[in-house]
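**Student:** In the UniProt record's numbering, the protein residues as written are 1 to 504.
Watch out, some of these pointers could steer you wrong.
[Stated by the list, open to error] In silico EDC-like cross-links for lysine to aspartate or glutamate, where the CA-CA straight-line distance does not exceed 16 Å:
#: 1; residue 1: 201; residue 2: 147
#: 2; residue 1: 320; residue 2: 147
#: 3; residue 1: 122; residue 2: 500
Derived by calculation from the structure, the hints in this document are not laboratory data.
Here the structure is a predicted model, which is why all the values come from computation and not from measurement.
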Amino acid sequence: MGDRPEYNGEILYDPFRDGRKITDDTHADRTRADNSSRSRPQERWVAHIDMDAFFASVEQLTRPTLRGRPVLVGGMSGRGVVAGASYEARVFGAHSAMPMSQAVRLCRNRAVVVRPRLEVYKVASRRIFEVIRAHAGAVVEQLSVDEGFAEPPQLIGATDEEARAWAMRLQRAVEEETGLPSSVGMASTKLDAKMASDLGKPHGIAVVSVWRRMQVFGPRPAKELWGIGKVAQARLAEVGVHTIAEFVKMDRADVKSLLGAAGVDIQRMAAGNDTRPVAPRARSKQMSAERTLTTNIHTSTELWPIVNEVAKEAHRRLLKDGRAARTITAKVRTEDFHIHTRSATLPAGTDDLETITVAARRVMPRPEQLGSIRLVGVGLSGLVDIRQELLFPELITPAEEVGMVITMSDSNDHTANGMGGLAPLNARASNSGPWQTTQDVEHEIYGHGWVQGTGSGVVSVRFETRATGPGKTKTFSVNDPALHPADPLASLAWDLRPEERSMD
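Given these sequences and hints, build the entire structure.
**Tutor:** Shown next, in the form of C-alpha coordinates:
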(Lines of atoms letter the chains of each structure in order from A and count residues from 1; the text may use other names and numbers.)
(Lines give C-alpha, C1' and ligand atoms only; values in the text may rest on other atoms or scores of the structure.)
Protein backbone atom coordinates (compact mmCIF):
# COMPACT_ATOMS: atom_id res chain seq x y z
CA MET A 1 0.00 0.00 0.00
CA GLY A 2 2.79 2.40 -0.79
CA ASP A 3 3.82 4.59 2.12
CA ARG A 4 1.37 3.09 4.63
CA PRO A 5 3.10 2.48 7.98
CA GLU A 6 3.81 -1.07 9.05
CA TYR A 7 4.40 -2.83 12.33
CA ASN A 8 5.63 -6.38 12.88
CA GLY A 9 5.28 -7.07 9.19
CA GLU A 10 1.52 -6.57 9.22
CA ILE A 11 0.10 -3.92 6.94
CA LEU A 12 -2.28 -1.65 8.77
CA TYR A 13 -5.82 -1.76 7.50
CA ASP A 14 -7.04 1.23 5.51
CA PRO A 15 -10.65 1.01 4.25
CA PHE A 16 -9.82 3.22 1.29
CA ARG A 17 -7.11 2.87 -1.28
CA ASP A 18 -6.88 5.25 -4.21
CA GLY A 19 -10.48 6.21 -3.43
CA ARG A 20 -11.75 2.61 -3.77
CA LYS A 21 -13.24 0.54 -0.97
CA ILE A 22 -11.40 -2.61 0.05
CA THR A 23 -13.63 -5.50 1.10
CA ASP A 24 -13.19 -7.50 4.28
CA ASP A 25 -12.28 -10.55 2.18
CA THR A 26 -9.54 -8.64 0.39
CA HIS A 27 -8.19 -7.45 3.70
CA ALA A 28 -8.25 -10.97 5.14
CA ASP A 29 -6.24 -12.27 2.19
CA ARG A 30 -3.60 -9.59 2.74
CA THR A 31 -3.16 -9.88 6.51
CA ARG A 32 -2.40 -13.50 7.41
CA ALA A 33 0.72 -12.84 9.52
CA ASP A 34 0.80 -14.00 13.10
CA ASN A 35 -2.40 -16.06 12.93
CA SER A 36 -1.54 -17.98 16.07
CA SER A 37 -1.85 -14.95 18.34
CA ARG A 38 -4.71 -13.39 16.42
CA SER A 39 -6.96 -16.36 17.08
CA ARG A 40 -6.34 -16.31 20.83
CA PRO A 41 -9.07 -14.68 22.94
CA GLN A 42 -8.19 -11.66 25.06
CA GLU A 43 -10.12 -10.72 28.18
CA ARG A 44 -10.07 -6.93 27.69
CA TRP A 45 -10.14 -4.77 24.57
CA VAL A 46 -9.83 -0.98 24.71
CA ALA A 47 -10.41 1.13 21.61
CA HIS A 48 -8.84 4.52 21.03
CA ILE A 49 -10.60 6.49 18.31
CA ASP A 50 -8.75 9.48 16.91
CA MET A 51 -10.04 11.63 14.07
CA ASP A 52 -7.46 12.26 11.36
CA ALA A 53 -6.30 15.89 11.09
CA PHE A 54 -9.70 16.78 12.52
CA PHE A 55 -9.81 20.56 12.08
CA ALA A 56 -8.38 20.42 8.56
CA SER A 57 -10.59 17.46 7.63
CA VAL A 58 -13.72 19.37 8.68
CA GLU A 59 -12.60 22.30 6.53
CA GLN A 60 -12.03 20.01 3.55
CA LEU A 61 -15.42 18.37 4.14
CA THR A 62 -17.38 21.62 4.24
CA ARG A 63 -15.31 23.41 1.60
CA PRO A 64 -14.86 20.77 -1.10
CA THR A 65 -12.44 22.87 -3.15
CA LEU A 66 -9.88 22.29 -0.39
CA ARG A 67 -9.95 18.49 -0.69
CA GLY A 68 -6.57 17.13 -1.73
CA ARG A 69 -4.87 20.47 -1.06
CA PRO A 70 -2.55 21.48 1.80
CA VAL A 71 -4.74 23.14 4.45
CA LEU A 72 -3.50 24.94 7.55
CA VAL A 73 -6.00 25.89 10.24
CA GLY A 74 -4.96 28.62 12.64
CA GLY A 75 -4.20 32.26 13.22
CA MET A 76 -3.35 34.49 10.29
CA SER A 77 -1.56 37.25 12.19
CA GLY A 78 2.22 37.55 12.35
CA ARG A 79 2.18 35.52 15.55
CA GLY A 80 -0.36 32.97 14.34
CA VAL A 81 0.17 29.29 15.08
CA VAL A 82 -1.04 26.15 13.33
CA ALA A 83 -3.98 24.55 15.16
CA GLY A 84 -4.39 21.81 12.56
CA ALA A 85 -2.72 20.68 9.34
CA SER A 86 -4.10 18.40 6.65
CA TYR A 87 -2.04 15.37 5.64
CA GLU A 88 -1.33 17.11 2.35
CA ALA A 89 0.35 19.88 4.38
CA ARG A 90 2.15 17.41 6.63
CA VAL A 91 3.92 15.98 3.61
CA PHE A 92 5.83 19.27 3.50
CA GLY A 93 6.69 19.09 7.22
CA ALA A 94 3.94 21.37 8.54
CA HIS A 95 2.31 20.35 11.81
CA SER A 96 0.25 21.61 14.73
CA ALA A 97 1.78 24.12 17.17
CA MET A 98 4.18 25.36 14.46
CA PRO A 99 4.29 29.11 13.69
CA MET A 100 1.95 29.71 10.79
CA SER A 101 4.54 31.69 8.85
CA GLN A 102 6.95 28.74 9.03
CA ALA A 103 4.26 26.26 7.96
CA VAL A 104 3.33 28.40 4.95
CA ARG A 105 6.97 28.55 3.89
CA LEU A 106 7.37 24.79 4.26
CA CYS A 107 4.32 24.27 2.05
CA ARG A 108 6.00 26.46 -0.59
CA ASN A 109 3.13 28.94 -0.34
CA ARG A 110 0.72 26.32 -1.73
CA ALA A 111 -1.27 25.92 1.47
CA VAL A 112 -4.67 27.46 2.10
CA VAL A 113 -4.76 29.10 5.55
CA VAL A 114 -8.18 28.88 7.23
CA ARG A 115 -9.33 30.53 10.44
CA PRO A 116 -10.60 28.04 13.05
CA ARG A 117 -14.38 27.58 13.26
CA LEU A 118 -14.81 25.93 16.64
CA GLU A 119 -18.59 25.91 16.47
CA VAL A 120 -18.44 23.70 13.36
CA TYR A 121 -15.87 21.35 14.91
CA LYS A 122 -17.99 20.99 18.05
CA VAL A 123 -21.13 19.97 16.14
CA ALA A 124 -19.12 17.46 14.07
CA SER A 125 -17.57 16.13 17.28
CA ARG A 126 -20.97 15.65 18.87
CA ARG A 127 -22.12 13.46 15.99
CA ILE A 128 -18.89 11.47 15.98
CA PHE A 129 -19.28 10.57 19.64
CA GLU A 130 -22.94 9.71 19.19
CA VAL A 131 -21.81 7.07 16.70
CA ILE A 132 -19.08 5.82 19.03
CA ARG A 133 -21.50 5.50 21.94
CA ALA A 134 -24.02 3.66 19.78
CA HIS A 135 -21.40 1.10 18.70
CA ALA A 136 -19.49 0.72 21.95
CA GLY A 137 -22.57 -0.20 23.95
CA ALA A 138 -20.78 0.99 27.07
CA VAL A 139 -19.27 4.04 28.66
CA VAL A 140 -17.16 6.21 26.35
CA GLU A 141 -14.39 8.43 27.66
CA GLN A 142 -14.13 11.55 25.51
CA LEU A 143 -10.69 13.15 25.75
CA SER A 144 -11.27 16.10 23.45
CA VAL A 145 -13.32 17.12 20.42
CA ASP A 146 -11.54 14.56 18.26
CA GLU A 147 -10.46 11.57 20.34
CA GLY A 148 -11.72 9.20 22.99
CA PHE A 149 -11.66 5.71 24.47
CA ALA A 150 -14.25 2.95 24.46
CA GLU A 151 -14.30 -0.48 26.08
CA PRO A 152 -16.95 -2.52 24.26
CA PRO A 153 -18.39 -5.23 26.53
CA GLN A 154 -19.15 -7.35 23.47
CA LEU A 155 -15.39 -7.75 22.94
CA ILE A 156 -14.69 -9.39 26.30
CA GLY A 157 -12.84 -12.58 25.42
CA ALA A 158 -12.63 -11.61 21.73
CA THR A 159 -9.82 -12.47 19.33
CA ASP A 160 -7.72 -10.01 17.33
CA GLU A 161 -9.85 -10.54 14.25
CA GLU A 162 -13.07 -9.95 16.17
CA ALA A 163 -11.63 -6.75 17.61
CA ARG A 164 -10.52 -5.67 14.15
CA ALA A 165 -13.96 -6.36 12.66
CA TRP A 166 -15.58 -4.24 15.39
CA ALA A 167 -13.14 -1.38 14.70
CA MET A 168 -13.86 -1.59 10.97
CA ARG A 169 -17.58 -1.30 11.58
CA LEU A 170 -17.10 1.68 13.86
CA GLN A 171 -14.76 3.45 11.46
CA ARG A 172 -17.20 3.00 8.59
CA ALA A 173 -20.14 4.19 10.68
CA VAL A 174 -18.33 7.39 11.63
CA GLU A 175 -17.45 7.99 7.99
CA GLU A 176 -20.99 7.33 6.78
CA GLU A 177 -22.53 9.63 9.39
CA THR A 178 -20.09 12.53 9.16
CA GLY A 179 -17.92 12.07 6.07
CA LEU A 180 -14.81 12.36 8.28
CA PRO A 181 -11.85 9.93 8.44
CA SER A 182 -10.60 8.36 11.67
CA SER A 183 -7.98 5.95 12.94
CA VAL A 184 -8.68 3.27 15.54
CA GLY A 185 -6.26 1.51 17.88
CA MET A 186 -7.29 -1.73 19.60
CA ALA A 187 -5.29 -3.08 22.53
CA SER A 188 -5.55 -4.42 26.07
CA THR A 189 -4.98 -1.10 27.88
CA LYS A 190 -5.61 2.59 27.38
CA LEU A 191 -1.95 3.43 26.87
CA ASP A 192 -1.50 0.66 24.32
CA ALA A 193 -4.69 1.60 22.47
CA LYS A 194 -3.51 5.21 22.23
CA MET A 195 -0.15 4.14 20.77
CA ALA A 196 -1.87 1.69 18.43
CA SER A 197 -4.08 4.39 16.93
CA ASP A 198 -0.94 6.44 16.25
CA LEU A 199 0.46 3.45 14.35
CA GLY A 200 -2.74 3.31 12.32
CA LYS A 201 -2.65 6.91 11.12
CA PRO A 202 -3.87 8.09 8.79
CA HIS A 203 -7.24 6.42 8.27
CA GLY A 204 -6.21 3.00 9.45
CA ILE A 205 -6.78 0.38 12.12
CA ALA A 206 -4.04 -1.15 14.25
CA VAL A 207 -4.74 -4.14 16.50
CA VAL A 208 -2.08 -4.99 19.08
CA SER A 209 -2.92 -7.93 21.30
CA VAL A 210 -1.53 -8.41 24.78
CA TRP A 211 0.56 -11.29 23.40
CA ARG A 212 2.40 -9.08 20.92
CA ARG A 213 2.55 -5.71 22.69
CA MET A 214 6.28 -5.64 23.46
CA GLN A 215 7.11 -7.06 20.06
CA VAL A 216 5.25 -4.11 18.52
CA PHE A 217 5.88 -1.30 21.00
CA GLY A 218 9.28 -2.28 22.43
CA PRO A 219 11.37 -0.93 19.52
CA ARG A 220 9.33 2.31 19.35
CA PRO A 221 10.89 5.56 20.69
CA ALA A 222 10.22 6.24 24.38
CA LYS A 223 8.81 9.65 23.43
CA GLU A 224 5.72 7.88 22.04
CA LEU A 225 4.66 7.02 25.57
CA TRP A 226 1.88 9.22 26.90
CA GLY A 227 3.58 11.47 29.46
CA ILE A 228 7.13 11.38 28.11
CA GLY A 229 7.72 14.93 26.91
CA LYS A 230 10.82 16.63 25.59
CA VAL A 231 12.41 17.12 29.01
CA ALA A 232 11.81 13.50 30.08
CA GLN A 233 13.02 12.26 26.71
CA ALA A 234 16.24 14.26 27.06
CA ARG A 235 16.85 12.89 30.56
CA LEU A 236 16.34 9.32 29.39
CA ALA A 237 18.64 9.87 26.42
CA GLU A 238 21.36 11.08 28.79
CA VAL A 239 21.43 7.62 30.39
CA GLY A 240 21.24 5.80 27.07
CA VAL A 241 17.53 4.97 27.10
CA HIS A 242 15.86 5.59 23.75
CA THR A 243 13.22 2.90 23.22
CA ILE A 244 10.17 1.76 25.15
CA ALA A 245 11.80 -1.64 25.78
CA GLU A 246 14.86 0.03 27.28
CA PHE A 247 12.65 2.24 29.45
CA VAL A 248 10.65 -0.74 30.73
CA LYS A 249 13.90 -2.55 31.68
CA MET A 250 15.23 0.37 33.73
CA ASP A 251 15.61 -0.01 37.46
CA ARG A 252 12.60 1.55 39.16
CA ALA A 253 14.79 3.61 41.49
CA ASP A 254 16.63 5.08 38.51
CA VAL A 255 13.35 5.99 36.84
CA LYS A 256 12.15 7.71 40.00
CA SER A 257 15.37 9.69 40.36
CA LEU A 258 15.15 10.85 36.74
CA LEU A 259 11.42 11.38 36.26
CA GLY A 260 9.87 11.29 39.73
CA ALA A 261 6.88 9.25 40.87
CA ALA A 262 5.00 10.05 37.64
CA GLY A 263 7.80 8.39 35.68
CA VAL A 264 7.40 5.20 37.70
CA ASP A 265 3.69 5.15 36.84
CA ILE A 266 4.47 5.58 33.16
CA GLN A 267 7.02 2.76 33.30
CA ARG A 268 4.47 0.47 34.94
CA MET A 269 1.88 1.19 32.23
CA ALA A 270 4.50 0.85 29.49
CA ALA A 271 5.14 -2.66 30.80
CA GLY A 272 1.46 -3.46 30.23
CA ASN A 273 0.21 -2.94 33.78
CA ASP A 274 -2.39 -0.28 33.03
CA THR A 275 -5.65 -1.00 34.81
CA ARG A 276 -7.19 2.42 34.32
CA PRO A 277 -10.86 2.02 33.44
CA VAL A 278 -12.60 3.70 30.54
CA ALA A 279 -14.88 6.15 32.33
CA PRO A 280 -16.62 9.45 31.58
CA ARG A 281 -14.45 12.46 32.30
CA ALA A 282 -15.72 15.56 34.04
CA ARG A 283 -15.14 18.62 31.90
CA SER A 284 -11.80 20.16 32.77
CA LYS A 285 -11.91 23.36 34.74
CA GLN A 286 -8.69 24.57 33.20
CA MET A 287 -6.09 23.92 30.52
CA SER A 288 -2.44 24.51 31.27
CA ALA A 289 1.07 23.88 30.07
CA GLU A 290 4.38 24.37 31.79
CA ARG A 291 8.04 23.80 31.13
CA THR A 292 10.78 22.92 33.59
CA LEU A 293 13.94 24.51 32.28
CA THR A 294 17.19 22.63 31.95
CA THR A 295 19.03 25.87 32.79
CA ASN A 296 17.66 28.65 34.98
CA ILE A 297 16.95 31.96 33.27
CA HIS A 298 17.75 35.39 34.66
CA THR A 299 16.32 37.95 32.23
CA SER A 300 13.02 38.74 30.54
CA THR A 301 14.78 38.45 27.20
CA GLU A 302 15.32 34.76 27.95
CA LEU A 303 11.81 34.42 29.38
CA TRP A 304 9.68 35.68 26.47
CA PRO A 305 10.42 32.92 23.92
CA ILE A 306 9.59 30.31 26.58
CA VAL A 307 6.33 32.07 27.45
CA ASN A 308 5.40 32.08 23.76
CA GLU A 309 6.02 28.33 23.43
CA VAL A 310 4.19 27.42 26.64
CA ALA A 311 1.23 29.63 25.64
CA LYS A 312 1.09 27.80 22.30
CA GLU A 313 0.86 24.46 24.06
CA ALA A 314 -1.88 25.65 26.42
CA HIS A 315 -3.70 27.13 23.42
CA ARG A 316 -3.43 23.83 21.53
CA ARG A 317 -5.10 22.03 24.42
CA LEU A 318 -7.79 24.70 24.60
CA LEU A 319 -8.64 24.25 20.92
CA LYS A 320 -8.87 20.48 21.32
CA ASP A 321 -11.24 21.01 24.25
CA GLY A 322 -13.47 23.24 22.13
CA ARG A 323 -14.10 25.99 24.67
CA ALA A 324 -12.83 29.53 25.25
CA ALA A 325 -11.00 30.90 28.30
CA ARG A 326 -11.67 34.06 30.28
CA THR A 327 -8.73 33.87 32.70
CA ILE A 328 -5.07 33.59 31.72
CA THR A 329 -2.68 32.71 34.53
CA ALA A 330 1.10 33.07 34.41
CA LYS A 331 3.18 30.91 36.73
CA VAL A 332 6.88 30.70 37.55
CA ARG A 333 8.91 28.71 40.03
CA THR A 334 12.05 30.43 41.19
CA GLU A 335 15.40 28.93 42.11
CA ASP A 336 14.31 28.79 45.78
CA PHE A 337 11.29 26.66 44.69
CA HIS A 338 8.74 29.37 45.52
CA ILE A 339 5.79 29.52 43.12
CA HIS A 340 4.52 32.92 41.93
CA THR A 341 1.33 33.35 39.90
CA ARG A 342 -0.50 36.30 38.43
CA SER A 343 -3.65 36.22 36.31
CA ALA A 344 -5.64 38.36 33.90
CA THR A 345 -9.42 38.03 33.52
CA LEU A 346 -10.95 39.14 30.23
CA PRO A 347 -14.49 40.46 29.70
CA ALA A 348 -15.30 37.53 27.37
CA GLY A 349 -13.90 34.11 26.64
CA THR A 350 -11.19 33.90 23.99
CA ASP A 351 -9.63 31.11 21.95
CA ASP A 352 -7.21 33.44 20.17
CA LEU A 353 -3.51 32.64 20.64
CA GLU A 354 -2.35 36.22 20.31
CA THR A 355 -4.75 37.41 23.00
CA ILE A 356 -3.63 34.61 25.32
CA THR A 357 0.06 35.25 24.69
CA VAL A 358 -0.20 39.01 25.16
CA ALA A 359 -2.09 38.58 28.44
CA ALA A 360 0.34 35.94 29.69
CA ARG A 361 3.35 38.09 28.91
CA ARG A 362 1.72 41.11 30.49
CA VAL A 363 1.19 39.43 33.86
CA MET A 364 4.17 37.06 33.84
CA PRO A 365 6.38 37.58 36.92
CA ARG A 366 9.83 38.77 35.84
CA PRO A 367 13.20 37.26 36.80
CA GLU A 368 14.60 40.76 37.34
CA GLN A 369 12.24 41.05 40.33
CA LEU A 370 12.16 37.49 41.60
CA GLY A 371 15.57 36.08 40.82
CA SER A 372 16.38 33.19 38.50
CA ILE A 373 13.47 31.09 37.20
CA ARG A 374 13.42 27.31 36.74
CA LEU A 375 9.81 26.70 35.61
CA VAL A 376 7.37 28.66 33.42
CA GLY A 377 3.67 27.91 33.06
CA VAL A 378 0.54 29.32 31.43
CA GLY A 379 -2.95 28.31 32.58
CA LEU A 380 -6.34 28.94 30.97
CA SER A 381 -9.45 28.85 33.15
CA GLY A 382 -12.92 30.32 33.35
CA LEU A 383 -13.72 28.02 30.43
CA VAL A 384 -16.91 28.78 28.56
CA ASP A 385 -18.60 27.36 25.49
CA ILE A 386 -18.39 29.53 22.37
CA ARG A 387 -20.93 32.28 22.87
CA GLN A 388 -23.26 33.79 20.30
CA GLU A 389 -21.36 37.07 20.14
CA LEU A 390 -18.26 35.07 19.23
CA LEU A 391 -20.01 33.22 16.41
CA PHE A 392 -17.78 35.03 13.94
CA PRO A 393 -14.40 35.08 15.72
CA GLU A 394 -12.69 36.25 12.54
CA LEU A 395 -14.44 39.61 12.96
CA ILE A 396 -12.97 40.14 16.42
CA THR A 397 -9.42 41.34 17.02
CA PRO A 398 -7.47 40.27 20.08
CA ALA A 399 -7.22 43.89 21.16
CA GLU A 400 -10.93 44.05 21.82
CA GLU A 401 -10.38 42.35 25.16
CA VAL A 402 -10.17 45.79 26.77
CA GLY A 403 -10.74 46.05 30.49
CA MET A 404 -8.49 43.17 31.49
CA VAL A 405 -8.58 42.71 35.25
CA ILE A 406 -5.26 41.65 36.76
CA THR A 407 -5.11 39.68 40.00
CA MET A 408 -2.21 38.17 41.91
CA SER A 409 -1.60 35.10 44.04
CA ASP A 410 2.07 35.30 44.90
CA SER A 411 3.93 33.30 47.50
CA ASN A 412 6.03 36.40 48.21
CA ASP A 413 4.37 39.80 48.50
CA HIS A 414 7.33 41.70 47.09
CA THR A 415 6.66 40.28 43.63
CA ALA A 416 3.73 42.68 43.26
CA ASN A 417 5.77 45.80 43.95
CA GLY A 418 5.36 48.24 41.12
CA MET A 419 3.14 45.84 39.20
CA GLY A 420 -0.34 46.52 40.57
CA GLY A 421 -1.28 49.44 38.36
CA LEU A 422 -1.12 47.85 34.94
CA ALA A 423 -3.33 49.52 32.37
CA PRO A 424 -5.78 47.58 30.20
CA LEU A 425 -4.64 46.26 26.87
CA ASN A 426 -4.71 48.95 24.22
CA ALA A 427 -7.22 48.61 21.41
CA ARG A 428 -5.78 48.33 17.92
CA ALA A 429 -7.36 49.72 14.83
CA SER A 430 -8.56 47.20 12.27
CA ASN A 431 -7.99 47.89 8.58
CA SER A 432 -9.38 44.61 7.37
CA GLY A 433 -12.68 46.02 6.09
CA PRO A 434 -16.09 44.35 6.33
CA TRP A 435 -14.99 40.88 5.19
CA GLN A 436 -12.24 38.54 6.36
CA THR A 437 -10.59 35.77 4.34
CA THR A 438 -12.28 32.35 4.90
CA GLN A 439 -15.30 33.98 6.60
CA ASP A 440 -18.66 32.26 6.01
CA VAL A 441 -21.08 34.38 3.99
CA GLU A 442 -24.51 34.09 2.41
CA HIS A 443 -25.61 35.67 -0.87
CA GLU A 444 -29.29 36.20 -1.52
CA ILE A 445 -28.99 34.61 -4.97
CA TYR A 446 -26.01 32.25 -4.83
CA GLY A 447 -26.41 30.86 -1.32
CA HIS A 448 -23.71 29.87 1.17
CA GLY A 449 -20.04 30.45 0.52
CA TRP A 450 -16.75 31.56 2.03
CA VAL A 451 -14.48 34.50 1.34
CA GLN A 452 -11.44 33.59 -0.72
CA GLY A 453 -9.99 37.09 -0.78
CA THR A 454 -10.80 40.75 -0.46
CA GLY A 455 -9.17 44.05 -1.35
CA SER A 456 -9.46 47.13 -3.53
CA GLY A 457 -13.15 47.39 -2.76
CA VAL A 458 -14.11 43.91 -3.95
CA VAL A 459 -14.57 40.51 -2.32
CA SER A 460 -14.25 37.07 -3.96
CA VAL A 461 -16.54 34.34 -2.66
CA ARG A 462 -16.53 30.63 -3.45
CA PHE A 463 -20.03 29.20 -3.12
CA GLU A 464 -20.01 25.64 -1.77
CA THR A 465 -20.92 23.44 1.18
CA ARG A 466 -20.41 19.81 2.10
CA ALA A 467 -23.36 18.86 -0.09
CA THR A 468 -22.53 20.81 -3.24
CA GLY A 469 -19.13 19.56 -4.28
CA PRO A 470 -16.50 22.10 -5.44
CA GLY A 471 -18.17 25.44 -6.12
CA LYS A 472 -17.57 28.43 -8.34
CA THR A 473 -16.09 31.77 -7.35
CA LYS A 474 -17.81 35.10 -7.91
CA THR A 475 -16.62 38.62 -7.18
CA PHE A 476 -18.72 41.40 -5.65
CA SER A 477 -18.37 44.90 -4.32
CA VAL A 478 -17.56 44.80 -0.60
CA ASN A 479 -20.75 46.80 -0.09
CA ASP A 480 -23.02 44.49 -2.10
CA PRO A 481 -26.35 44.59 -0.19
CA ALA A 482 -27.10 40.98 -1.15
CA LEU A 483 -24.02 39.65 0.71
CA HIS A 484 -24.29 38.95 4.43
CA PRO A 485 -22.34 37.19 7.19
CA ALA A 486 -23.51 33.58 7.55
CA ASP A 487 -23.74 30.92 10.21
CA PRO A 488 -20.68 28.66 9.74
CA LEU A 489 -22.81 25.63 10.64
CA ALA A 490 -24.63 26.04 7.32
CA SER A 491 -21.48 24.79 5.56
CA LEU A 492 -22.13 21.33 7.03
CA ALA A 493 -25.44 21.11 5.12
CA TRP A 494 -26.83 18.88 7.86
CA ASP A 495 -30.33 18.88 9.31
CA LEU A 496 -29.25 20.35 12.63
CA ARG A 497 -31.07 19.38 15.79
CA PRO A 498 -32.00 22.07 18.35
CA GLU A 499 -29.29 20.95 20.76
CA GLU A 500 -26.69 21.29 17.98
CA ARG A 501 -27.79 24.79 17.12
CA SER A 502 -27.56 25.75 20.80
CA MET A 503 -23.90 24.68 21.02
CA ASP A 504 -22.67 28.04 19.72
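**Student:** So, for every hint listed, does it hold in this structure?
**Tutor:** Hints, one by one, checked against the model:
1. 201 x 147: 13 Å, holds
2. 320 x 147: 9 Å, holds
3. 122 x 500: 9 Å, holds
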